[in-house]
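*Asks:* If you want the building blocks of each chain, they are given just below.
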Amino acid sequence: MTTSDGAQPMTEPMTESMTMVAALNAGLRAVLEDNPRTLLMGEDIATLGGVFRVTDGLAKDFGERRVIDTPLAEAGIVGTAIGLAMSGYVPIVEIQFDGFVYPAFDQIVTQLAKHHYRSGGDTQLPIVIRIPFGGGIGAVEHHSESPEAYFVHTPGLRVWSPADAQQAYTGIQAAVACPDPIIFLEPKRRYWDKASVVLARPTPAELDQMWTSRTLRTGTDVTLVAYGPMVRTCVEAAESMTQQGISATVIDLRSLSPLDLDPVFASVRQTGRCVMVHEAVETVGLGAEISARISEECFFSLEAPVLRVGAPHVPYPPSRFERHYLPNIDRVTAAVRQVMAL
Amino acid sequence: MTTSDGAQPMTEPMTESMTMVAALNAGLRAVLEDNPRTLLMGEDIATLGGVFRVTDGLAKDFGERRVIDTPLAEAGIVGTAIGLAMSGYVPIVEIQFDGFVYPAFDQIVTQLAKHHYRSGGDTQLPIVIRIPFGGGIGAVEHHSESPEAYFVHTPGLRVWSPADAQQAYTGIQAAVACPDPIIFLEPKRRYWDKASVVLARPTPAELDQMWTSRTLRTGTDVTLVAYGPMVRTCVEAAESMTQQGISATVIDLRSLSPLDLDPVFASVRQTGRCVMVHEAVETVGLGAEISARISEECFFSLEAPVLRVGAPHVPYPPSRFERHYLPNIDRVTAAVRQVMAL
Amino acid sequence: MTDVKFEAPLRLLTPEGTLESAPSIELAMPTDVLEPALLRSLFRDMTLTRRVDTEATALQRTGELGLWSSCLGQEAAQIGSAHAMAHNDFAFPTYRESGVAWVRGVDPVALLGLYRGTTHGGWNPQEKQFALFTIVLGAQVLHAVGYAMGLQRDESDGAVIAYFGDGATSEGDVHEAMVFATVQSAPVVFFCQNNGWAISEPVHRQTTVPFTQRAAGYGMPTMRIDGNDVLASLAATRWALAHTREGGGPVFIEAVTYRMGAHTTSDDPTRYRPAGELEYWATQDPIQRLGTLMRARGAADDTWFQQLADEADALGERIRAGIRGVVDPEPELMFDHVYAQPHLQVDRDRQRWTTLTTSDGVSS
Amino acid sequence: MTDVKFEAPLRLLTPEGTLESAPSIELAMPTDVLEPALLRSLFRDMTLTRRVDTEATALQRTGELGLWSSCLGQEAAQIGSAHAMAHNDFAFPTYRESGVAWVRGVDPVALLGLYRGTTHGGWNPQEKQFALFTIVLGAQVLHAVGYAMGLQRDESDGAVIAYFGDGATSEGDVHEAMVFATVQSAPVVFFCQNNGWAISEPVHRQTTVPFTQRAAGYGMPTMRIDGNDVLASLAATRWALAHTREGGGPVFIEAVTYRMGAHTTSDDPTRYRPAGELEYWATQDPIQRLGTLMRARGAADDTWFQQLADEADALGERIRAGIRGVVDPEPELMFDHVYAQPHLQVDRDRQRWTTLTTSDGVSS
Ligand SMILES: Cc1ncc(C[n+]2csc(CCOP(=O)(O)OP(=O)(O)O)c2C)c(N)n1
Ligand SMILES: Cc1ncc(C[n+]2csc(CCOP(=O)(O)OP(=O)(O)O)c2C)c(N)n1
Ligand SMILES: [Mg+2]
Ligand SMILES: [Mg+2]
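The listed protein sequences correspond, in order, to chains L, R, B and Z.
In terms of this note's numbering, the first sequence opens at residue 1 and continues consecutively.
In terms of this note's numbering, the second sequence opens at residue 1 and continues consecutively.
In terms of this note's numbering, the third sequence opens at residue 1 and continues consecutively.
In terms of this note's numbering, the fourth sequence opens at residue 1 and continues consecutively.
No lab work stands behind these hints, which were simulated from the structure alone.
It cannot be assumed that every hint is accurate.
[Claimed, not checked] One side only, chain Z facing chain R, incomplete, derived with CB under 10 angstroms: (1) Leu111; (2) Ala168; (3) Val209; (4) Arg238; (5) Ser359.
Where a beta carbon is used, it is the ideal one built from N, C-alpha and C, also for glycine.
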């Protein structure tokens with residue numbers, strides 16, 4: 001995977017076109033190689049390599065002591081990962097799908113999130129919880145959810161989401177390097193998107209960088225803010241809007257906790273308009289937080305209210321409805337038109 | 001409890017000064033009397049009458065088949081309540097403290113919240129989950145939390161919180177009458193506040209009314225929005241601010257899902273300023289939603305950004321810190337001054 | 001970690017299609033079970049369940065369904081246990097109980113709605129006395145116990161069956177269900193189909209001892225049966241339902257069977273299934289062994305088997321036509337039934353959605 | 001629902017303070033256990049644990065503590081098991097293991113910080129090989145198993161003890177912990193103090209059979225001991241730790257004991273405790289019976305007992321002074337340690353808070 005071009009000089013980083021799945025696999029392989037205390041745990045991750053094959057081949061190469069097929073018990077997975085972390089390991093946990101993280105919610109919210117605080121800094125729990133999340137792949141129920149608001153609302157957790165293969169490769173390594181517990185949300189509808197990935201080990205500075213938001217495109221009329229699966233949607237919307245003479249900035253938050261909002265504020269101070277896009281339900285979602293913060297920080301620069309494009313106050317519907325339920329380019333464009341009209 | 005004044009004529013509703021605990025007890029007694037399908041379930045609720053004595057005496061009067069001391073298993077309590085509801089019962093569940101609802105989170109979020117939707121309306125789950133919530137009583141950890149944002153973000157759940165004894169008495173009956181699942185959050189720091197309570201059975205119209213927000217005080221300068229434990233704080237803040245020449249409206253949301261925001265919008269359109277107060281962590285809390293909605297609906301009426309007064313991005317700290325952690329009159333007043341200065 | 005040691009499970013009908021000469025005393029042969037009409041009924045339901053399965057798998061291949069989770073190989077466990085149920089008993093399935101669904105009278109086309117993506121449900125649970133399929137592992141087991149507690153309070157003579165897999169036994173919910181059921185002495189039968197696998201994880205990832213041992217730890221009677229023996233499944237479940245109905249408290253049955261197909265149509269079992277396993281279990285087929293018995297006992301003749309084959313073909317045709325005839329539901333229906341009573345956020349979002357989809361340029 | 005039937009638990013030391021004439025073969029008397037030094041050490045730790053308890057209860061009454069959860073009556077279970085631990089073993093307590101904390105060297109004044117409300121912790125878990133108190137029932141049992149999996153991977157000879165109560169056994173986490181421990185063959189001892197009550201709920205609200213039966217269902221060795229017999233507690237835990245350390249997988253011990261006090265200082269047990277129960281258990285006191293044995297065997301004389309009484313008084317004095325000397329932490333410390341690395345939301349909120357508290361008119 002990391003050796004497609006053996007001829008390249010060592011100083012030149014290897015670049016390869018790969019899917020997000022392959023990039024995550026490469027990133028996990030890197031941390032397993034670099035840190036003998038890292039472990040992978042989850043359902044079907046060892047022999048099968050995960051239902052999405054993100055951990056394909058890792059059990060074979062690193063052994064079943066480090067890549068563990070666990071019993072089917074999510075509280076058990078997170079709870080034992082906490083114990084493993086207390087004993088000095090760095091567990092990287094897979095929850096098979098977004099909709100199955102809730103049995104582990106107590107361990108995540110009352111134990112994992114609080115332990116560093118409770119111990120006055122004595123005990124770090126450097127655990128990464130990987131969760132394929134979001135919809136758009138025609139799955140049955142419980143396989144398309146966006147639970148990020150629950151975690152971002154919870155002090156003590158960090159939350160992170162990659163938008164493309166390169167972000168995934170570097171981001172998973174940044175997550176593992178961080179001593180805090182992290183919910184790592186992988187946008188499953190982007191799993192098979194290919195991108196060119198620089199496969200060099202990230203430098204400490206590059207790892208730090210992953211905790212900031214990044215501006216993908218700079219425009220003058222409106223600021224689009226997104227993360228994970230909706231980043232591509234926003235970039236495409238922004239591109240299509242140029243034909244309508246609308247010039248949009250697109251910001252990928254990457255880190256959902258902490259939220260690095262200064263670049264957003266800076267942009268909104270220039271554009272005066274903002275649309276926040278996510279798949280999750282709007283009510284008390286991240287869009288609400290972004291909107292509130294922008295009001296608080298940029299009130300006098302705003303030409304229009306921050307608009308949110310998210311899911312309605314409805315459970316994730318059967319898959320034949322999902323294209324009506326999820327934000328898409330048209331809905332983003334409509335919201336932009338709406339703020340532009342004000 | 002309901003018979004302190006036997007001399008009153010039947011047509012005159014009985015009024016009694018009582019604590020919120022006593023009012024809840026009276027409300028539960030009323031629904032147990034009126035509807036033989038109602039059941040109470042929870043830890044220590046029967047023999048002991050609950051750790052806060054909310055269910056005191058009910059097991060004795062209604063029997064252990066209807067007032068059930070369950071095993072110590074919160075997922076089990078909610079999960080079996082779902083089954084009981086499917087078989088035609090109306091379970092009223094007690095979760096002993098806010099911090100212990102998380103083991104039941106999966107049953108609440110993936111099962112209870114979704115079942116009516118999944119069944120296309122065939123199956124109603126009229127379950128009330130009572131949770132003493134919030135801080136301010138000097139308790140040990142996990143006993144002072146404000147988890148409402150998790151539930152309000154979840155379509156399919158209703159969320160409700162009383163601010164005083166009368167609200168508690170009528171509200172619990174409204175919750176039980178409603179065919180939807182309800183998270184009923186009881187502000188434990190107000191449990192022992194006394195108020196005069198009209199003990200008549202509420203009329204259908206009065207029950208419906210409980211799903212709206214109520215305006216406790218009308219002012220011209222600023223709109224204070226709160227619910228549950230912070231309603232009293234806001235009323236007191238508003239009263240004290242009159243001495244500084246500030247005239248505040250105070251709105252008690254009561255229902256957190258649905259949010260009845262029209263009265264809030266109407267008020268903000270007049271005052272131009274709003275402060276939202278809750279004990280919960282601010283990040284992606286209800287204040288964010290209220291702020292975003294006010295921006296969306298009242299943008300051109302706003303003189304200042306909506307400010308939020310909530311908990312910092314910190315787990316609930318040891319109790320010696322709580323008076324610094326929780327919103328109080330001073331912090332509300334400071335936020336009002338801040339919006340007034342703009 | 002070693003393989004779980006399997007003692008021989010209880011059985012009445014051997015893989016060769018003969019009656020067990022000395023069935024263990026725990027599992028007595030019900031008197032009516034060798035009635036030709038009952039044997040035919042069991043055979044018919046297993047055969048048609050398998051046909052539903054075959055059709056659904058094919059419909060997934062052609063893109064008519066998004067997914068299918070086959071019960072191929074598990075027909076005896078499902079049909080036998082479902083036949084033991086009285087009309088007012090209630091069953092709580094996972095996502096794999098298409099055989100039980102069939103016996104409960106759920107129309108296969110309705111059943112496939114979940115897998116087509118047109119519905120999360122598909123039938124009225126109260127009407128069929130059969131809960132909706134549940135995907136979150138173990139969650140329905142608690143509902144089953146709660147339902148049984150309801151029956152208890154109604155002084156009904158109904159009882160409940162909770163279906164779940166070997167993998168699901170590890171979930172906390174299943175434990176809590178057993179705690180509640182034993183403490184409340186609820187009329188519920190825990191029916192665990194141990195089909196050898198939880199996706200790619202073999203049983204020894206969940207336990208080092210038979211599941212019956214674990215269940216016995218809660219203080220309830222348990223039976224470990226040959227899950228490919230429809231007579232054992234029927235007899236054991238009958239015994240269990242009678243026991244629990246009469247106030248004996250919960251009973252646990254482990255039906256040792258095998259998932260002959262992939263976990264779902266998304267799965268590739270060749271990545272984990274050891275060589276020879278499928279071949280071994282092919283010799284244990286539940287339908288074939290019952291057919292052999294029926295022929296030997298003259299319970300059915302060639303004509304009857306041919307009629308059944310024709311019936312299966314007709315069912316296949318009906319399912320294909322039914323599924324192809326399903327039109328996608330109107331998009332705005334997604335806003336219905338979030339709550340039983342109006343909810344302002346749903347109303348507002350529906351309103352915004354309608355405005356958007358009817359305004360220019362925005363495809364819904 | 002009937003009371004759980006208690007078979008006689010294993011014991012070495014009778015309530016009368018004599019040695020059991022024929023201790024069951026499962027529980028062999030350790031060779032060194034009757035060494036006077038060891039007996040004195042056990043007696044001392046139980047006595048001082050009780051003193052901590054008395055002081056804490058008194059401090060709560062005077063308002064110095066917000067709450068206290070006493071282990072009165074459970075000293076033998078805690079001190080015996082804690083004495084069985086090697087230095088590099090690790091224990092995971094609930095909120096009631098003040099006896100274990102004492103043996104692990106946690107300073108009582110530090111321990112009381114949690115109950116005073118100055119800290120959620122109070123000691124460095126790594127240093128004491130003793131995790132923080134855990135209030136969420138059952139949560140720590142999974143941590144214990146995970147820690148044991150870590151020791152396993154380190155090829156360490158350490159082992160782990162997970163403490164939990166009778167009530168907590170119903171929580172899904174405890175089940176999942178047993179599943180993980182048996183499947184992974186983790187070096188962990190499950191030590192359940194069955195003290196008869198979970199707040200107001202008697203044991204029969206959690207089970208209809210002994211907890212050892214439930215644990216045996218997972219396929220691990222179990223022992224049911226007299227939890228008021230410190231020698232039994234020590235011997236059983238030693239056996240269990242040795243067994244698990246040598247790769248034998250998890251072991252379950254149920255220590256049958258009694259909560260002589262209220263659940264916590266907020267509780268009023270007179271609302272639910274049946275008449276006579278407390279009186280019966282008063283005859284089972286763990287400290288008294290060991291004292292009788294020691295005097296009978298000449299393991300300690302009056303002078304020694306007097307010295308210990310003085311030591312206890314001194315400890316009491318030290319605790320009272322210590323607690324009264326505790327000053328409330330600086331308010332801004334509440335922002336520390338939410339994360340190990342800087343976090344923008346915490347920084348911003350700290351900043352806002354500081355601005356507010358230093359601006360006019362706003363008391364922090
Ligand atoms: C709580 C939860 N975790 C994970 C999953 C993903 N998942 C679906 S089926 C399955 C395997 C279940 O195995 P088993 O219980 O043996 O049932 P079988 O599929 O073999 O019938 C898994 C892990 C889930 N549906 N729910
Ligand atoms: C998950 C959870 N639910 C409820 C509680 C409230 N609670 C605290 S202690 C307790 C009783 C525990 O009983 P047991 O496990 O027997 O331990 P004991 O207190 O008797 O030592 C309860 C219900 C809690 N702490 N955690
Ligand atoms: Mg299986
Ligand atoms: Mg107890």
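*Asks:* All hints are to be evaluated individually against the structure, with a verdict given for each.
*Replies:* Okay, the hints, checked on the actual structure:
1. Leu111: Result: violated, 13 angstroms to nearest chain R Cβ.
2. Ala168: holds, 6 angstroms
3. Val209: violated, 14 angstroms
4. Arg238: violated, 30 angstroms
5. Ser359: Holds - the Cβ of Ser359 (chain Z) comes within 10 angstroms of chain R, reaching about 7 angstroms at its closest.
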